[in-house]
Amino acid sequence: MAVLIVSAIFALVMIGLSIRANARFRQERKLPMQWRLSRSEPLSNLVNWSAPRVLALSFTPFLAICVLGLFNVAAMTLTPRPGQEGMLLPSLIVIGGAFVAAHVFHLWLIGRSLGRS
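Using numbering that gives the first Met the number 0, read the sequence shown as starting at 0 and increasing by one per residue.
Accuracy of the hints is not assured; some may be wrong.
[To be verified] So the derived label-pair ranges between C-beta atoms look like this:
1) N44 x E84: 18 to 24 Å
2) L62 x K29: 40 to 46 Å
3) L87 x N44: 37 to 43 Å
4) G15 x R35: 26 to 32 Å
The set of hints was computed from the structure by calculation and includes no laboratory data.
Don't be surprised by glycine CBs; every beta carbon is placed ideally from N, CA and C.
Work out the full structure, taking the sequences as your base and the hints as a guide.
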């Protein structure tokens, strides 16, 4: 049950970040999704492709909800190996934290590309 609650918290945090970003970028029709990497400027403003605002802001939360859902199904149906019973919540926190960090980084890159702080 704790796994389901922690997964829901991560999903709600990501959805909240997307809602906040949607209000922040409401005047933009398309948002950047991928940036060009270069040796001279690792975080360049050159955008490879963009997506409609709703798709760009909902892609990472949707992906996270799918992965966390699979994690929950596995947690409920599979039995851990001996000695690994205590690794479930730490693993979930690492996975959920990585998704939140990636989403925050993506939103930061969007703001940086559009010239907003």
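Looking at the structure, which of the earlier hints fail to hold? 1, 2
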